[in-house]
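Let the sequences and hints guide you as you build the complete structure.
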Amino acid sequence: MAPTLLFFLLSLYKPPSSLLHFSLIDTAFFLLSLLIMAASVDPLVVGRVIGDVVDMFVPTINMSVYYGAKHVTNGCDVKPSLTVNPPKVTLSGHPDEFYTLVMTDPDAPSPSEPSMREWVHWIVVDIPGGTNATRGKEVLPYVGPRPPVGIHRYILVLLQQKAPLGLVEQPASRARFSTRAFANQLDLGLPVATVYFNAQKEPANRRR
Numbered sequence: 001m002a003p004t005l006l007f008f009l010l011s012l013y014k015p016p017s018s019l020l021h022f023s024l025i026d027t028a029f030f031l032l033s034l035l036i037m038a039a040s041v042d043p044l045v046v047g048r049v050i051g052d053v054v055d056m057f058v059p060t061i062n063m064s065v066y067y068g069a070k071h072v073t074n075g076c077d078v079k080p081s082l083t084v085n086p087p088k089v090t091l092s093g094h095p096d097e098f099y100t101l102v103m104t105d106p107d108a109p110s111p112s113e114p115s116m117r118e119w120v121h122w123i124v125v126d127i128p129g130g131t132n133a134t135r136g137k138e139v140l141p142y143v144g145p146r147p148p149v150g151i152h153r154y155i156l157v158l159l160q161q162k163a164p165l166g167l168v169e170q171p172a173s174r175a176r177f178s179t180r181a182f183a184n185q186l187d188l189g190l191p192v193a194t195v196y197f198n199a200q201k202e203p204a205n206r207r208r
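Following my numbering, the residues of the sequence shown are numbered contiguously, the last one being 208.
A few of these clues could be false.
[As the list claims (entries may be wrong)] DSSO-like cross-link-like pairs, simulated, lysine-lysine; straight-line CA separation at most 30 Å:
no., residue 1, residue 2
1, Lys70, Lys137
2, Lys201, Lys88
3, Lys88, Lys162
4, Lys201, Lys70
5, Lys137, Lys162
6, Lys79, Lys201
7, Lys137, Lys88
8, Lys162, Lys79
9, Lys70, Lys88
[Claimed, not checked] Now the in silico label distances, taken between C-beta atoms and shown as ranges:
no., residue 1, residue 2, range
10, Val143, Ala204, 14 to 22 Å
11, Glu169, Ala204, 22 to 30 Å
12, Ala204, Arg180, 30 to 38 Å
13, Ser81, Ala163, 36 to 44 Å
14, Pro171, Pro148, 14 to 22 Å
15, Pro171, Pro80, 20 to 28 Å
16, Gly75, Asp96, 28 to 36 Å
17, Pro148, Asp187, 18 to 26 Å
18, Gly130, Pro203, 36 to 44 Å
19, Ala69, Leu186, 31 to 39 Å
Keep in mind that the hints were calculated from the coordinates and are not lab data. Glycine included, each C-beta is placed from N, C-alpha and C at the ideal position.
Right, here's the structure in full:
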């Protein structure tokens with residue numbers, strides 16, 4: 001586990017105000033919770049998603065992402081040919097809670113020179129909890145990954161809303177988008193779930 005992640009999670013621990021209420025069971029339960037959260041967040045630290053795209057956060061919502069039969073897990077490889085259509089994104093939560101989904105590429109146009117960081121591929125708002133992205137309102141239509149060179153990371157960030165957003169203006173450009181700035185603009189706060197995958201340009205079929 002990355003040291004910065006461990007320190008961050010430990011900083012969340014607030015001892016009971018009275019030692020009479022402190023018990024080994026409380027401590028064990030809290031430490032177990034830390035390990036569960038760390039298992040979700042740690043790949044995002046290793047993959048530099050935390051840092052390049054989002055700040056450190058504690059996952060509170062389960063989000064599953066599928067391209068057809070391909071289950072997207074943090075750091076997995078997905079062929080661009082499988083990503084032509086939007087993924088099926090399903091989330092936990094309650095129907096009276098609403099979420100925003102943002103998908104970006106922080107490695108555009110090249111991982112070594114990401115001068116267009118972040119390139120935004122998809123924005124959906126007002127997704128009810130316990131449903132999927134098709135139940136939300138698409139602010140920016142989905143565009144599938146087309147990495148020109150190198151291995152690109154594609155990040156799907158889920159943010160909880162305080163209320164339905166209604167009409168949200170499209171970004172002026174897909175290039176140089178900022179997930180952090182977008183979240184701040186809409187008062188969304190830190191992510192509640194994040195999943196990312198890697199993709200690179202597929203070799204052209206050789207003509208016989």
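Verification of the supplied hints:
{"no.": "1", "hint": "Lys70 with Lys137", "verdict": "24 Å, holds"}
{"no.": "2", "hint": "Lys201 with Lys88", "verdict": "22 Å, holds"}
{"no.": "3", "hint": "Lys88 with Lys162", "verdict": "24 Å, holds"}
{"no.": "4", "hint": "Lys201 with Lys70", "verdict": "18 Å, holds"}
{"no.": "5", "hint": "Lys137 with Lys162", "verdict": "16 Å, holds"}
{"no.": "6", "hint": "Lys79 with Lys201", "verdict": "8 Å, holds"}
{"no.": "7", "hint": "Lys137 with Lys88", "verdict": "15 Å, holds"}
{"no.": "8", "hint": "Lys162 with Lys79", "verdict": "35 Å, violated"}
{"no.": "9", "hint": "Lys70 with Lys88", "verdict": "10 Å, holds"}
{"no.": "10", "hint": "Val143 with Ala204: 14 to 22 Å", "verdict": "21 Å, holds"}
{"no.": "11", "hint": "Glu169 with Ala204: 22 to 30 Å", "verdict": "38 Å, violated"}
{"no.": "12", "hint": "Ala204 with Arg180: 30 to 38 Å", "verdict": "37 Å, holds"}
{"no.": "13", "hint": "Ser81 with Ala163: 36 to 44 Å", "verdict": "39 Å, holds"}
{"no.": "14", "hint": "Pro171 with Pro148: 14 to 22 Å", "verdict": "21 Å, holds"}
{"no.": "15", "hint": "Pro171 with Pro80: 20 to 28 Å", "verdict": "22 Å, holds"}
{"no.": "16", "hint": "Gly75 with Asp96: 28 to 36 Å", "verdict": "33 Å, holds"}
{"no.": "17", "hint": "Pro148 with Asp187: 18 to 26 Å", "verdict": "35 Å, violated"}
{"no.": "18", "hint": "Gly130 with Pro203: 36 to 44 Å", "verdict": "41 Å, holds"}
{"no.": "19", "hint": "Ala69 with Leu186: 31 to 39 Å", "verdict": "33 Å, holds"}
Hint compliance for this structure: hints 8, 11 and 17 are broken, all remaining hints hold.
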